[in-house]
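**Q** One letter stands for each residue in the lines below.
2 protein chains.
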Amino acid sequence: MPVPTIEWKSGKIKLVDQTLLPGRFKYIYLKDLKSLWHAIKTLKVRGAPAIGIAGALGVLLASEKSGAKNYKAFKRELLRSIRYLASSRPTARNLFWALERMETVLLDNDSISLKELKMQLKREAFSVVKEDKLICRRMAKRGVSLIKKGDRILTHCNAGGLATADYGTALGVLFEARKERKGITVYVDETRPLLQGARLTSWELKRNGIKTILICDNMAASLMQKRGIDKIFVGADRIARNGDTANKIGTYNLAVLARHHNIPFYVVAPASTFDLSLSNGKAIPIEERAADEVLGFRGVRTAPSGIEVYNPAFDVTPYDLISAIVTEKGILKKPYAKNIKRIL
Amino acid sequence: MPVPTIEWKSGKIKLVDQTLLPGRFKYIYLKDLKSLWHAIKTLKVRGAPAIGIAGALGVLLASEKSGAKNYKAFKRELLRSIRYLASSRPTARNLFWALERMETVLLDNDSISLKELKMQLKREAFSVVKEDKLICRRMAKRGVSLIKKGDRILTHCNAGGLATADYGTALGVLFEARKERKGITVYVDETRPLLQGARLTSWELKRNGIKTILICDNMAASLMQKRGIDKIFVGADRIARNGDTANKIGTYNLAVLARHHNIPFYVVAPASTFDLSLSNGKAIPIEERAADEVLGFRGVRTAPSGIEVYNPAFDVTPYDLISAIVTEKGILKKPYAKNIKRIL
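Same order as they appear, the protein sequences are chains A and B. Residues 1383 to 1726 in the working numbering are what the first sequence lists, from first letter to last. Residues 1383 to 1726 in the working numbering are what the second sequence lists, from first letter to last.
Please note that a few of the clues may not be correct.
Intra- or inter-copy, both count: the list cannot distinguish identical chains.
In the DSBU-like style, the derived pairs of lysine-lysine whose C-alpha atoms are separated by at most 30 Å in a straight line are [unchecked claim]:
| hint | residue 1 | residue 2 |
| --- | --- | --- |
| 1 | 1723 | 1608 |
| 2 | 1523 | 1413 |
| 3 | 1530 | 1608 |
| 4 | 1613 | 1664 |
| 5 | 1396 | 1716 |
| 6 | 1523 | 1500 |
| 7 | 1664 | 1593 |
| 8 | 1396 | 1531 |
| 9 | 1454 | 1588 |
| 10 | 1613 | 1394 |
| 11 | 1416 | 1451 |
| 12 | 1608 | 1423 |
| 13 | 1426 | 1530 |
| 14 | 1561 | 1715 |
Derived by calculation from the structure, the hints in this document are not laboratory data. This one's a predicted model, so the numbers in the text were calculated from it and none came from an experiment.
Isolated chain A (complex conformation) (with noise of 0.2 Å):
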């Protein structure tokens, strides 16, 4: 039963607080920009469509909450909403494309009132949250096809409901997989630093009544050499030209693992993730982010003080080892840049 991660209520934006999880499950209600681009920044929504969603709906907070007279204070105001919820993170696509969308309407209708403007760019915003709904849904229809009764797959971090609007890009075709009675077993890797994993994605299938094992990360090894693993499901917050995947850190682990180990590697994700101005990954920008992510663990320190330390927010997995791409207009396979650029 999918319950809505984010969403527009009564002038403000409701979205479950996902610092909480698993322990509270609590809705919070936004209703200034500063708060918004907070909740982004500390992960309290997170997931590439979930945060495109937060900006389209950001952008349409602006609009509501807007005292300006005449479109030209009114677009200057929005644009710089925009480019405040802009620099909250900078990797998932999915973020700019919304705010982009939003942009594009806000300057393709400077001769209408404003209070018609106003109204378009609600009608967008919850075009971009009732779009979301629907892609994730054709994924999982499309995605369930690569899935056979039994098998035991692996999956990182959080690409579930949690991380789009309600339903989720790759728990989204296993939600799909349960449905159809496939007998699944879901390995979750726990996903330091921030354990999205362990937190978010072993609640969500167990709510769904998925066999769940959590693993660390570094067991992921092992379990394919041991145990045994039939496909690695996995998110994505920017796709470039070439197939090129930027997804949270330990992606591009496991896609080196999967191809040791001849085991298929999916990325599920919507279109809105792809970034057809960059020919190859090395240009999507990656966010580090602080220290103390890593030095311990909800007020927990774990490491001496004084300790540098590198912590990529998301890694790069090249093209190469990825097996397919499942989007809604359809499964992307090699190569990469001729059919990327086919289906989108």
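Following the hints, put chain B in place on chain A, whose structure we already have.
**A** Chain B in isolation, oriented as in the chain A frame:
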């Protein structure tokens, strides 16, 4: 300045309680076998060579405390103690190796006085400690030849002074490189679930003035791809006749990543780590530990309740992925089956 990790002190076993590090450096004094067994089991003392020493000193403790009046009773008592200590942890070869040394002294001396036998056992246990110090320094001298000026090195778990009597296996090599002013940078895997890398290795490296950068285990591939790693050095818990090597979970991950990125992968381990009774690594018993270690850290719960866990404490790296094995008797290269036999 090496400090003793474990030693005999006025009839007790004195050891650093490693579960308190890096917050607190504290010696504890054990005067009965049950406390020692518990200290090994809960990783107050850990690291293959160090638990070998713990085993030898444990037999010494049993011997010193024995009130047996004749050889037969004494032998029965000590054999029981040896079996008990052997049940603490299954994977590290060094524990059994040290217990076998003590057992040999016990069984070979059935015709001397109990007082004399106890003296012999004490001498043997002290030899185990003394030899470890010597052997680690010898491995360090040999291994340092593999390190070039400015090398960026990655290590996993803790193969340092804390894993031995006082100097370390893999880290011993790095300490030697530091002495020779090779200007190395060492990246340290935090090593979930018990974080020996974050807690112990970064603490040891920093104390020794080595440039240290901490990462989460899943960042290793990104590190290799983006920053570059020149060499990997790890310890070992048991090495089979063909060179297959059991070491802390995550080692095999690294070895696969190293192969993919063309990075030399070195194991540093004393001769006591080799188990010539095993033709390959498949037969090495791998300890699986409690789910709680993965479900949280130090009382902070991070996963939903009722989630199943896979928590092997070690994995086995196939010999083919290992570039060389540094021992006190020389640096072993392929073919290992032949060279291990020749040198040991």
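**Q** For every hint, state whether the structure bears it out.
**A** Hints, one by one, checked against the model:
For the homomeric pair residue 1723 and residue 1608, the shortest alpha-carbon distance between copies (28 Å) is at most 30 Å, but the shortest distance inside one copy (40 Å) is not. For the homomeric pair residue 1523 and residue 1413, neither the shortest alpha-carbon distance inside one copy (36 Å) nor that between copies (64 Å) is at most 30 Å. With identical chains, the CA atoms of residue 1530 and residue 1608 are at most 30 Å apart within one copy only, with a shortest distance of 20 Å there and 36 Å across copies. For the homomeric pair residue 1613 and residue 1664, the shortest alpha-carbon distances inside one copy (26 Å) and between copies (24 Å) are both at most 30 Å.
For the homomeric pair residue 1396 and residue 1716, neither the shortest alpha-carbon distance inside one copy (40 Å) nor that between copies (61 Å) is at most 30 Å. Taking the shortest alpha-carbon separations for residue 1523 and residue 1500, neither the intra-copy value of 35 Å nor the inter-copy value of 73 Å comes in at or below 30 Å. For the homomeric pair residue 1664 and residue 1593, the shortest alpha-carbon distance between copies (27 Å) is at most 30 Å, but the shortest distance inside one copy (37 Å) is not. Taking identical chains as interchangeable, the C-alpha atoms of residue 1396 and residue 1531 are never at most 30 Å apart, the minima being 38 Å within one chain and 55 Å between chains.
In the homo-oligomer, the alpha carbons of residue 1454 and residue 1588 never lie at most 30 Å apart, since the shortest distance is 51 Å inside one protomer and 58 Å across protomers. For a Cα distance limit of 30 Å, the shortest separation of residue 1613 from residue 1394 qualifies neither inside one copy, at 40 Å, nor across copies, at 53 Å. Proximity of residue 1416 to residue 1451 under the C-alpha cut-off of 30 Å is restricted to the intra-copy arrangement: shortest distance 23 Å within a copy versus 80 Å between copies. In this assembly of identical chains, the alpha carbons of residue 1608 and residue 1423 lie at most 30 Å apart only when taken from different copies (24 Å versus 39 Å within one copy).
Neither within a single protomer nor between protomers do residue 1426 and residue 1530 lie at most 30 Å apart by alpha-carbon distance, with minima of 35 Å and 45 Å respectively. Proximity of residue 1561 to residue 1715 under the C-alpha cut-off of 30 Å is restricted to the intra-copy arrangement: shortest distance 26 Å within a copy versus 52 Å between copies.
In summary, the structure is inconsistent with hints 2, 5, 6, 8, 9, 10, 13 from the numbered list given earlier, while agreeing with the others.
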